[in-house]
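This is what each chain is made of:
Number of protein chains: 2
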Amino acid sequence: MKRRDFLSKAAIAGLAGGTALLAACNDDTKKAEGGKGEANQAAAPAQVGKTVHWKMVTTWPPKFPILQTGAEDLAKRVEVMSNGRMKIDVYAANELVPGLGVFDAVSQGTAECGSGSPYYWAGKDPACQWFSAVPFGLNAQGLNAWFYSGGGLDLWDEVYGQFNLIGRPMGNTGVQMAGWFNREINSIDDFKGLKMRIPGLGGKVIARAGGTVVLLPGGEIFTSLERGVIDATEWVGPLHDLRMGFYQAAKYYYTPGWHEGGSCLDVMFNKDKFNALPSDLKAICEAAAAQTNMQALCDFEAQNGAALKELVEKHHVQVRKLTPETLADLRVLAREVVAEEATKSPMATKVAKGFNEFQKQWGSWADVSSRTYFDTMSIGV
Amino acid sequence: MKRRDFLSKAAIAGLAGGTALLAACNDDTKKAEGGKGEANQAAAPAQVGKTVHWKMVTTWPPKFPILQTGAEDLAKRVEVMSNGRMKIDVYAANELVPGLGVFDAVSQGTAECGSGSPYYWAGKDPACQWFSAVPFGLNAQGLNAWFYSGGGLDLWDEVYGQFNLIGRPMGNTGVQMAGWFNREINSIDDFKGLKMRIPGLGGKVIARAGGTVVLLPGGEIFTSLERGVIDATEWVGPLHDLRMGFYQAAKYYYTPGWHEGGSCLDVMFNKDKFNALPSDLKAICEAAAAQTNMQALCDFEAQNGAALKELVEKHHVQVRKLTPETLADLRVLAREVVAEEATKSPMATKVAKGFNEFQKQWGSWADVSSRTYFDTMSIGV
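Just so you know, the protein sequences line up as chains A and B, in that order.
The number in our numbering is simply the position in the first sequence, starting from 1, with 182 added.
The number in our numbering is simply the position in the second sequence, starting from 1, with 182 added.
Keep in mind that the hints were calculated from the coordinates and are not lab data.
A quick note: this is a predicted structure, and the numbers were derived from the prediction, not measured.
Identical copies look the same in the list; a pair holds intra-copy or inter-copy alike.
Pairs of lysine to aspartate or glutamate residues, derived as DMTMM-like cross-links and limited to a Cα-Cα distance of at most 20 Å, are as follows:
1. LYS377 to GLU408
2. LYS491 to GLU539
3. LYS542 to GLU495
4. LYS542 to GLU492
5. LYS491 to ASP549
6. LYS503 to ASP557
7. LYS306 to GLU340
Let's have the full structure, built from the sequences with the hints guiding it.
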């Protein structure tokens, strides 16, 4: 999913209104965060002072699994850790502001915080995109290492700071799928003339490969695919894709998601409001964001496997790998696209430089360690 | 590193006293967690009630990078989030109790919490080992998904609950290296007669391959390798290995760490003491653990790359991959070892079953997603 899904209220309404999507909603993902009222033998809870009451606006439909429920989890964590001194009411897209309005709403302080994914705000500064995902870029583990230990968060602070915002990772989809296709993709040439719903940088790559990029709100994708208005679409991964019912409309499910190798979801805070918090509440917000970031990735990782199994075993979906040659050709085009994007603002140039340097250094280690171990570990699966 | 490093005070002293290791200590890793005293315009901090003052005992030498400093980071996070209502004094190995005494000290309440790695306590219940790492088992991402979203933490609660303990992940080394070798390893046969310092389950595999497993405290490894008392040793990864100076004593640095594909470090709480905390402090401890868990893995991931570069470019270390055939042969032996270990206690049987089921399901997804993307992403590095 990318920001162009959110270019209008209709887009959000489409997402929220899709029956397949509604079927995806899962109340079970709201986890209890620990009860109240047990014996307090050690320390009195914190209840002095005024209560901080904040609003969080998101880009997600109500109950959207892991993403909207993750935002709600963050709010619950903050409330429990602060013993009720800080409450955050979470509003899904359109409940308070439209999905596309989240950035401005938080920037201006209409809401104190919000959630989405940084690349939705490429129109504010193209630099935002590197904090979500760029084609053939860092995966979730690499992205988190860049953020927390490689200077990424400092760059993010600089970019969002231009808009009176502070952004923090609050989840990651893990490696997405390349998408659903009504025809086989055996080489880069098979993208020629392909009508594909794929927004953002991925779409620019497909366009460069000769495809026709179609932009559709979430709620219209299934029907368009079923009726042949489009030949292919990307979405997220097995968990979310299963619930969209794409397997009923397309035969081939391709991997890997070269365009989104681990898309970061964020929480953004109004900078003035955040800076006015006392140190303990600031730290609680930071910790809740990090905890939710970890939890969301784990939920995707744990649940995608079962969904993939259901897609294959129950719905007879054919999982295919894009060939190394196809991926190599896409990567050449992606590098052109990303390099061009990096020239579009001074911050984009700076962030792209930091990202690329980190990917090179971390990648050389990941190549020796994680990649090699994956090969070893996977043989026996 | 495994529990047998910690079988005596001498082992810990050896680790702590090694000059190479002392050179590894880095005060910069102590990060500021946010200042105090800024304007509190929104809510008064929490300072009512008695202060909770806890002791944390660890298995690590003072200032041991990422591991001991991570434990100190956790304590700082808890203090800031609780606005000083909860303070944890952190003691390195031997400062209050010996490294091997941590489990009992926390179980009995001599200290309220502690840090190490679960497999150090295999002697208490062999089931503990699955929460750290088993040969060819889940990597860091899989292990975290199992813990937080696949039932792993429930099993951990059950195992540690037998000892009045609660355990939580508080870091992960990521994929370790297979070790330093004075001779080439081209097949499983090359382990025959090899004198290798490799404790734990990995050691049992090497013994089954015909190697001679030598147990040595950390401080004696370098000298033993240099003098030919041993032919090979495993340790952690580039960051820690560089500072141990192994490159001066062995020529070949093999990957991947099939025996520790992502070893989990933990924080353990005395269960009675933890349960007596008010809900907010419980949640703060949980969040601080999760945040530290993420940070430690990111620190390893971000810093290992630079260390590996230094090893290769400055010290001319030869990085070699174990051949797929060697790894396949090791895996056969590892499965025998792990299966035997799973029969050694009722909880080990139960935990191994849960672990294996999760690895199978998650692995099928990781194979399609993360592994495939790694191949794609890495081509360009």
